[in-house]
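Enquirer: As a plain string of letters, each chain reads:
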Amino acid sequence: DGGITQSPKYLFRKEGQNVTLSCEQNLNHDAMYWYRQDPGQGLRLIYYSQIVNDFQKGDIAEGYSVSREKKESFPLTVTSAQKNPTAFYLCASKSGGGRTDTQYFGPGTRLTVL
Amino acid sequence: GQQVMQIPQYQHVQEGEDFTTYCNSSTTLSNIQWYKQRPGGHPVFLIQLVKSGEVKKQKRLTFQFGEAKKNSSLHITATQTTDVGTYFCAAPANQAGTALIFGKGTTLSVSS
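Sequences listed follow chains E and F, in order. The number in my numbering is simply the position in the first sequence, starting from 1, with 21 added. The number in my numbering is simply the position in the second sequence, starting from 1, with 6 added.
The shape of chain E in the complex, shown without the other chains (with noise of 0.2 Å):
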């Protein structure tokens, strides 16, 4: 919250299925990310864009796609390629490009799949 929204909050889907998770900031920033947060884990990136039209690859990219068609919006499908796809999903999002600027979450989405 506080300008980031996910949506749904809960989701299902059974073993083989595509599914996307929507992100979506009304705080103009130009930097968003996407995490995974397992139990234990930590927080671990996905993917991030800096800009509309531009992306790249975090740590655990793998079975993960993402777009950035619109500044707002950085949707992450999570593909059947992805082995292990249930756990906790995070969005979030920078004002800047330096190092010191912090990063503002969103709720989450947990996915579970089936």
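Note that these hints are calculated values from the structure, not bench results. You may find that some hints are simply not true.
Said to hold, decoys possible - Straight-line C-alpha distance at most 27 Å; calculated DSSO-like pairs for lysine-lysine:
(1) E:30 x E:92
(2) E:30 x F:42
(3) E:78 x F:63
(4) F:76 x F:57
(5) E:30 x F:110
(6) F:65 x F:42
(7) E:78 x F:110
(8) F:76 x E:104
Let chain E serve as the given structure and place chain F on it in line with the hints.
Expert: Using the frame of chain E, we list chain F on its own:
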């Protein structure tokens, strides 16, 4: 690649006791940030440290950045039940600072 180690992973205290979590890096950090995540919630920014040896306080929370800028700590004095949650440190993942790398976090539980 860049790694940030955080200890302990879990800490349980009685209300009123102090609590400390530590963050260590093998490389010099340009800055370090601390976030708090309440149970069921999302990480919220607490503070950023930039200068060598910097100490900042927020009420009962004291944040320190080591002289060599390779370690940091968060100390909570006289914990309260409202302090429960997971505390993460985070540092720039690259020179440009376009991404952060997070420690695995310390989960604090407090019993009254």
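Enquirer: All hints, please: hold or fail.
Expert: Hints versus structure:
no.	hint	in the structure
1	E:30 x E:92	holds (22 Å)
2	E:30 x F:42	holds (20 Å)
3	E:78 x F:63	violated (36 Å)
4	F:76 x F:57	holds (11 Å)
5	E:30 x F:110	holds (23 Å)
6	F:65 x F:42	holds (15 Å)
7	E:78 x F:110	holds (20 Å)
8	F:76 x E:104	violated (35 Å)
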